[in-house]
Amino acid sequence: MKQLKLFLLALLPLFLLSCEEDDSPLVQPTTFEVAVKFGSAYAGQVAPNLTVKVTNADSKISTEATTNSLGIARFENLPVGIYDISVSRTYTPAQFLEFAGVTVESDVIFNASLTNQTINTSSSNFFALELKSSPVGSLLIKQIYYAGSNAKDGALYRDQFIEIYNNSDQVAYADGLCFGQVYGLGANAKIEQTYLQPNGQYNWNAALNMPSGIDANGEYVYMESFFELPGTGTQYPIEPGKSIVIAQNALNHKAPYQNQKGETITPNDPSLTVDLSGADFEAFYNQAFNSDIDNPAVPNIILHQTYGKDMLLDNPGRDAYVLVKKQGPLSSLKQYSAPEVRTITATTKLYYQIPNTWVIDAVEAQQSPAKLIPKKLTDDLDAGYTYTPLGSYSSQSVIRKVVKNFNGRNILQDTNNSTNDFKVLDRAQPRGF
Amino acid sequence: MRILFTVFSLFLPMWGHAQQNDSLHDQSAGAAFQTVGLYHQRLYSLYEQVPGQVLFHPSAGYSHSTLEFMRASGSWRTPQLPERNTQYKIASRGVTQVNKFKLWGDFQYRRNLEDSIGWRLKPDQADISPYYLANIRPGNWDNHEYQLKGTGGVPLTRRLSLVAGAQLETGTYGRSNDPRADITRYRLTVDGGLGYRIGPVTAVLSGRYGYGEEVASVSYQNIMNQSDGRPEYTTQDVMGYGYYRIVSSKRNLYEFRNLKGGSLVLQAGQFNVGYSYQLVDRRYRRKIDATGDISPYSPIGEVTQKEHRVVSSYTWAGDLAQRLWGGELRYTHVKDFNQLIIQGNNYLGIAKEAVFTYNEKRPAWEFGLKGSYQSVSKKDGTASVDYLVQTLTLSGQAAKELPWGKDFVRLKAQLGYRTDLNSHLTIGSQYNAFMTGVILPDFTYYSSEQVEAGLQAGYGVKVKQVMLMPAVHYTWQQALSPQSLPQTAFAPGNNYQTWALQLNIYL
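Chains A and B, in that order, give the protein sequences.
When you line the first sequence up against the working numbering, it's residues 2 to 434, in that order.
When you line the second sequence up against the working numbering, it's residues 977 to 1483, in that order.
Only chain A is shown next, with the shape it has when bound in the complex:
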C-alpha cells in the first residue's frame, strides 16, 4: 500500500498541470445588421417589415430576419463566413398606388442585394441595401443553355442557345429585339482601384470620354456582344405562352454533323445534347470557325458587336445577359473603352453603352456560389444570380420557374432576382419547362 501511495504521489504534478488553460475560443458567432431603404426616387425612405435573407456561401444555410420600424434587420449569432444578402418587395398595382401614388398596370418589384460579403470579427457589422425597381416585362429570357455538353459524347459548346418567352397575354414581336452579353471583370482583377467600384466591378465613370453627371455604373450596361433579331416589325410574332430559340448553330446536335473542314463529328451519347434544327434564329459569323455552320433555313441574327468567332456563351457561366427593346436608333448609342484604357486607338475595343431603361429583362449567371465574380448587373435589373450546379459541359441549362398556368399558358416567375426566379434543367430542353 505504501508503494501505491508513493506511486500516486509521483503522478500528482500532471493533475496540477491539467488544470491550466481551460479557456474558450476567442472567436464567437457574429451579429450584424442590415439596413434597408428605398432609393432616392422614393426619397430614401426606410423599409420596415421586409424579410431580409442572408445565405452562407459554404453551408448554403439561409437565415431570415424582418426589418424593424427603422428598416433594420438584425442577425444574431451567425457563424463567421461569406454571405450573400438579399431583400425583395413586390407591390401589386393597388399597393403601389398607395405607396407611391402612381398607377401602374402590373406588379412592381423592388430588389436589393450584396454578394460575397465577408463577415468576421474584424469586418463591418453593418450593411446598407437600397431597394431599386424596374418594370416586369412581357418578353423574358426564359432559358439559357451556356454549359454545353460533353466534349466527346455530346456537342461541346456548339449546341448553346438562348430562349425568349412571351409571358404576357398579348402577341409580342421579336423583330428588332436585341440581346447580348454584358462586359465586365472577373474575379480579383489586377487593375488600379480608381477603375473599380467597391464590389470589384468596373467603374465606368472613370472611362475615357464618359460624361460627368451621369451614373455610368447604375444606369447603363456595357455590351461585350450585342445582337439584333431581323424582321420588318411584325414578321416574327411570339404568341402568348410561346417562345423563340436563338441557337449558336441551328442544327440537330444529336445527329452527326460536318464541320467546316468537312469532318464528320458524331456525338457518342445524343441524349446529352439538343436538337436545334427547329430554332427560330441562329448566329452565323462566317469567320471560318470550324463549328460555325450556316443553316439556310433558319434566319441569322444581326451582329452589332461580337465576342469570339461565334455566339459563344461562357460555359462555366460567368456572363450576364440582357434583353433589349430599342427606344431609339442604335446610332444614338455611345461606345466606350474599358475604364483602365487610357488611350484610344484604332484597335481599341469599344463597348455599346445601353441605358437600363432599354433593358426589358436581364439575367446574371455565375459559375457557382463558391466562385462568384463581381456582379455586372445592378439590383434593379437582377438582384441575384443563377448557375448550373454541374458546371461546364454538363448539359444543364438554367430556366425560369413556372408560377401559374392559365388554360395551358404558363406564367413564368419574374421578380428580377435570378436566384429566386430560375431553376436548373439537368438536360437543356428547347421550349421545355
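It should be emphasised that the hints constitute simulated quantities derived from the structure, not laboratory data.
Check the hints yourself; a few may be wrong.
[What the hints assert, rightly or not] Subject to a maximum C-alpha distance of 20 Å in a straight line, what follows is the list of computed EDC-like cross-link-like pairs (lysine to aspartate or glutamate): (1) Lys1282/B - Asp24/A; (2) Lys424/A - Asp1204/B; (3) Lys153/A - Asp427/A; (4) Lys405/A - Glu106/A.
[Claimed, not checked] Here chain A is said to cover these stretches of chain B; the calculated rule only asks that three of the stretch's residues, wherever they fall, bring their Cβ under 8 Å from a Cβ of chain A: (5) 1192-1203; (6) 1221-1229; (7) 1317-1329; (8) 1354-1368; (9) 1402-1411.
[Stated by the list, open to error] Quick partial rundown of chain A residues pointing at chain B, CB under 8 Å, derived from the structure: (10) Val28; (11) Asn78; (12) Ser369; (13) Ala371.
Note that beta-carbon positions come from the ideal geometry of N, C-alpha and C, so glycine has one too.
Assemble chain B onto chain A, guided by the hints.
Leaving out everything else, chain B in the frame of chain A:
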C-alpha cells in the same frame, strides 16, 4: 539469426506503443491484444515512452517480431472510421546491451486498406489537429506507413550517463475514389540528454526537437464531381469542429510541423517515473500560383499543440508472483489561429487521460486489471459547438499457458466495459452538414456504453534458439443502447469485430 533480428530492431526506433495514437480519441483505438506475456508487455511499454527510460529498461535483451494480417468490420463506428479495414503489418522491437550501451529500437511497416471513409481526406481519424481536407462521400484508402525508432543510453562515469534517440515516421496515403486524395508525410524527431545519479536516485533530463511536413493534394477523375451540383464530392477545408469552408481554388494543403520538448525521468529502486512535455506548432498553408516576391504558400491557419505526460511504474515480487503498478497521465491542449476569414482563435481542444493498471504474473498464469478515465473537449467558437465526452473504462485480462508435448498453448481472454460520465454536447442555432455528419455521430460513438470481449490462442514452438508463436485473435465490441440523436446524418450501428492472424518470433 538472433543478431540479425537484434540489429534489425535496434535500427528501427520507436517511442512507445502508447504514443502511436496521437489522438483526442484514443479511446476508440481498435482492440489489439498483446500477444504474449501480459506482465512483461505492460512493463516494457511503461519503460519505452520517454527517451531517458532506456537506461533503466528492465530487460537485458529481448526481440519480438511480428507478421500480422488483420481484418475488421462492423457498423459500430463513425463516418470517419472505416466500415471495413484490412491491415498487413511487419513489426520488430527489441532491447539489447552492447558493451556499456543499452539500446532499444522498433520498426513497423503497415499497409492499411480502409473502406468507406467519409468526411476526411487525411490519413488518421485520430489526428488531434482540427485542420484537414474533407468531403462527405465515403471512399476507400490504401495507406503505407513506416516507423523507425530507436534510443540508446550509456554511462559515461559512475554518476553521469548519456542518452540519445531518434524517430522517423513516413507514409503515403491514397484515396481511390473522387475526390482522390494523395498524401505524403514525414516526421523526424531527435532526442538527447544526460543522466545523473545521486545516491539511490538517478535522474535523466533530455531535450527533444522535431520537424516534419505533410502534403495533401486532391484531384478528380470525373470533372463534373468538382462542380457545385455534387456537394458530396466537394472538397472542404475543415478548420475546427463545426467550421468549414469549400476549397474553391487549389485543392491542396501543406502542413509544416515543428516540435520542441523535454523530459525528466527518475529511477529509484523499482520505481520509475517519467515526465515529458512537448510543444508542436503545425502551420497550414495552401500552395497557389505566384510569381515574383509573392509567397507561393497562402496561410490557412496555425495550430499549437501542448502535451504533458507522466508515466510511472513500480514493481515488486513475493509469493512466487511478480507485481506491477503502472500509471499514465496525459494532458493535451490544442488551440488554433485561423488565417482564413476568421483571423483569430476559433478552436480549442483539451484531452485528459488517466490510466492505471495492475499486473500480476504467477508461474502458471497471469492477469492484468486496468482502469482509465478519458475526457475530450472540443469547442468551436464561430460554429457554437461545445463537445465534452468523459468516459470511464474498466477492463481485465488473463492469460494461461498449457503444455502441449514439448510445445505449449497460450490462451488469453479479455473483457472490458466503458461507461459515460456526464458527457454533453451543445450546438448553436444552425446545424450544418459537418455537425450532422460528424459531430453528432462522434458524440454517440464516443460517449455510449460499450462492452468489449476478446480471445486469443497461440501455439508456442521452439525451433533452435527461436520461439515461434502463431496466434489467432478475435475481439468484439458491442454498443449498449447507443443514443440516437435527432438530425444525425449517420447513426452508428451496434458492433464491430476484429480478427487477426499473427506469426510472432521471439529471440
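Do the hints match the structure? See the list:
| no. | hint | result |
| --- | --- | --- |
| 1 | Lys1282/B - Asp24/A | holds, 14 Å |
| 2 | Lys424/A - Asp1204/B | holds, 14 Å |
| 3 | Lys153/A - Asp427/A | holds, 18 Å |
| 4 | Lys405/A - Glu106/A | holds, 18 Å |
| 5 | 1192-1203 | holds (count 4) |
| 6 | 1221-1229 | holds (count 3) |
| 7 | 1317-1329 | holds (count 10) |
| 8 | 1354-1368 | holds (count 6) |
| 9 | 1402-1411 | holds (count 5) |
| 10 | Val28 | holds, 4 Å |
| 11 | Asn78 | holds, 6 Å |
| 12 | Ser369 | holds, 4 Å |
| 13 | Ala371 | holds, 4 Å |
No hint from the list above goes unmet by this structure.
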